[in-house]
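For reference, the chains in residue letters:
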Amino acid sequence: MPRQSIVRKSMLFVSAISALLSSVPAGVVAAETIHEERSKYRDITVTEVGNRRCLLFNVHRGDRNQTCVLVNDKQRLVFDYTRMSFAGLLLNDRPESILVIGLGGGSIPLTFADLFPDARIDVVEIDEAVVSVAEEFFFFEETENMAVYVDDGRPFIKRAGIRREKYDYIVLDAFSGDYIPEHMLTREFLDEVRNIMRPESVLVANTFSTSRLYDHESVTYQRAFGEFFNFKLPTTGNRIIITQLEPLPPRAQLVEKAQSFAGRLEKYGVPILEYPSRLSTRVDWDMSRRQLTDQYAPANLLRGK
Amino acid sequence: MAFASGFCIMTVEMLGARILSPYFGGSLSVWGSIITIFMLALALGYLWGGKLSARKPSAITFAGFFIGAAVFSIPIIVFSDAIMEPIFMALEDPRYGSLFAAIFLFFIPTSILGMISPYAVRLMVQNEAHSGQMAGLLYFISTLGSAAGTLGTSFYFVLWFEVNQILWGAIFTLLLAGLVILAAHYFGKDKRAAHAEAVNCA
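Residue numbers (my numbering), protein chains in the order written: chain A, 1 to 305; chain B, 1 to 202.
Bound-form chain A, shown alone:
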């Protein structure tokens, strides 16, 4: 019975998503569960509706963590937040070393590998099962320049810092259960991330713009990095934080970079020309909120508020 209900809910869920986001009319093509995998951390389900194949976590709990790929157009990025992750190119357009925390279906690292074939790409994913699903169903594969480490993001970054390794482009996209794990929301963690950045390196962090946690997270990033770009789109609840150690570039420079990049990003569906005007440094959070630290990070409790 539980198995069946999972499948049924996933069908509802996927058709709801496709109704919202895709040109494939919902209900015309039924979602089919093509793979189910139990891992140490969560249930992983792979579904297919028409040519849209999706990776869903914890379907029975209705979590929104998921990623999709179009089987007939693998390079096109399906979700806003994955496309938005490339806005960091406006700050650093020639990354030679890239770190992605959180693999998912692998679309972010695959796009980087395609864009920058000579760059070294390290991907950190805590769940081995996600790696094998990404390889089997989402066209992800390790290459000479792209390696996956099955590890927790925080110790990985701490160790890289001790070894004095630096990355030019860092994407934080680690989600577990409902949200980002608490130990990757704290000031101490962000200081460890700073340790693996050069002045011109760019950090791109995928967060949600809902709940009281938004204020605490914003305050924490502000204390760690000073001013940052707050990147939101009306079509998504994701908020992408983009920052670097050196001062942020002026808008004119972002526009210029966007124009020079637009052609190269077209096949992935990244509307980079629209992004510069969306990158805001305006404070739209409650600055009196307490910053999150290793001593104080009741993230799951704050999220409920």
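Some clues are possibly wrong.
Said to hold, decoys possible - Simulated restraints on C-beta separations:
(1) A:L301 with B:A90: 30 to 40 Å
(2) A:R264 with B:V78: 32 to 42 Å
(3) A:G263 with B:L151: 51 to 61 Å
(4) B:V180 with A:N300: 28 to 38 Å
(5) B:L151 with A:R223: 48 to 58 Å
(6) B:L159 with A:D114: 42 to 52 Å
(7) A:D114 with B:F172: 41 to 51 Å
(8) A:K166 with B:I77: 50 to 60 Å
(9) B:L159 with A:D284: 22 to 32 Å
(10) B:E162 with A:E227: 25 to 35 Å
(11) A:N300 with B:E128: 44 to 54 Å
(12) A:E246 with B:L151: 45 to 55 Å
(13) A:E165 with B:S58: 54 to 64 Å
Unchecked claim - Quick list of in silico lysine to aspartate or glutamate cross-link-like pairs, DMTMM-like style, CA-CA up to 25 Å:
(14) A:K74 with A:E274
(15) A:K166 with A:E96
(16) A:K166 with A:E142
(17) A:K40 with B:D93
(18) A:K257 with A:E142
(19) A:K166 with B:D93
(20) A:K232 with A:D80
(21) A:K166 with B:D81
(22) A:K267 with A:E165
(23) A:K166 with A:E188
(24) A:K166 with B:E92
(25) A:K166 with B:E85
(26) A:K166 with A:D114
(27) A:K267 with A:D118
(28) A:K40 with B:E92
(29) A:K166 with A:D93
(30) A:K267 with A:E128
(31) A:K257 with A:D294
Claimed, not checked - Calculated from the model, a selection of chain B residues having no Cβ within reach of chain A, i.e. all distances over 12 Å:
(32) F3
(33) I74
(34) P94
(35) S98
(36) M134
(37) G136
(38) A147
(39) F161
In short, the hints are calculated from the structure, not lab data. No residue lacks a Cβ here, since even glycine has one placed at the ideal position from N, Cα and C.
Place chain B on chain A using the hints.
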């Protein structure tokens, strides 16, 4: 007192993952390490507590468990980085890293706390017929304390306080419990002596 010890065991255990996660991450194996070490420490504590209770059981030793557990919990706050850093450097595998860190941080205070329950049974049992009842009552109270410690920590304390503040709270509670036992013991002794004197005079 049994309630306080159960409460503090689970408070520290719930915070354990928080304390280890900056070094060893939040993977399932970190929780596994913590729970394993707490269970092993308690198991040995029960054994040693039971053994000790067979030799001249006294309220002073009993109070000593609380005070000792409090004192040996202080390194969790003061030396946590000094303890975890070399382990983090020496062991790449976070499973064994977290296991060793949990041993060094939590094993001693938890095993001392484990001695309390069997020792308390010995102190409170008046006769054989009531021994099972007394043991049942003590487990009831200490496990109730554990439940309260778990709920309080995970629902409220982490929202109101910093991790170290909660730990100091637990340490203070254990110290206070030890002192209350000592006070009751000496105060009770005076009363007993006075009572004996009065009987003699009569």
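Separation of I74 (chain B) from chain A, once the least beta-carbon distance is taken, above 12 Å: Correct as stated: the minimum Cβ-Cβ distance to chain A is 17 Å, above 12 Å.
Between the beta carbons of L301 (chain A) and A90 (chain B), is the distance compatible with 30 to 40 Å? holds, 34 Å
For the pair we were handed, K166 (chain A) and E92 (chain B), check the Cα-Cα distance against 25 Å. Roughly 19 Å between the alpha carbons, so the hint for K166 (chain A) and E92 (chain B) holds.
Between the alpha carbons of K166 (chain A) and E85 (chain B), is the straight-line distance 25 Å or under? holds, 21 Å
Given the hint of 44 to 54 Å, is the C-beta distance from N300 (chain A) to E128 (chain B) inside that range or not? holds, 49 Å
Does the Cβ-Cβ separation between G263 (chain A) and L151 (chain B) fall within 51 to 61 Å? Holds, since G263 (chain A) and L151 (chain B) (Cβ atoms, about 58 Å apart) stay within the stated range.
Between K166 (chain A) and E96 (chain A), is the straight-line Cα distance small enough, at 25 Å or below? holds, 10 Å
Quick one, are K166 (chain A) and D81 (chain B) close enough, alpha carbons at most 25 Å? holds, 24 Å
Determine whether the Cβ-Cβ distance between D114 (chain A) and F172 (chain B) falls within the hinted range of 41 to 51 Å. violated, 58 Å
Just double-check M134 (chain B) for me: nearest Cβ-Cβ distance to chain A has to come out over 12 Å. holds, 39 Å
If you draw a straight line from the CA of K166 (chain A) to the CA of E188 (chain A), is it 25 Å or shorter? Roughly 18 Å separates the two Cα atoms, so the pair holds.
Does the alpha-carbon distance linking K267 (chain A) and D118 (chain A) stay inside the 25 Å limit? It holds: about 19 Å lies between the C-alpha atoms, which stays within 25 Å.
The earlier numbered hints that this structure contradicts are 2, 5, 7, 8, 18, 22, 30, 31, 34, 35 and 39.
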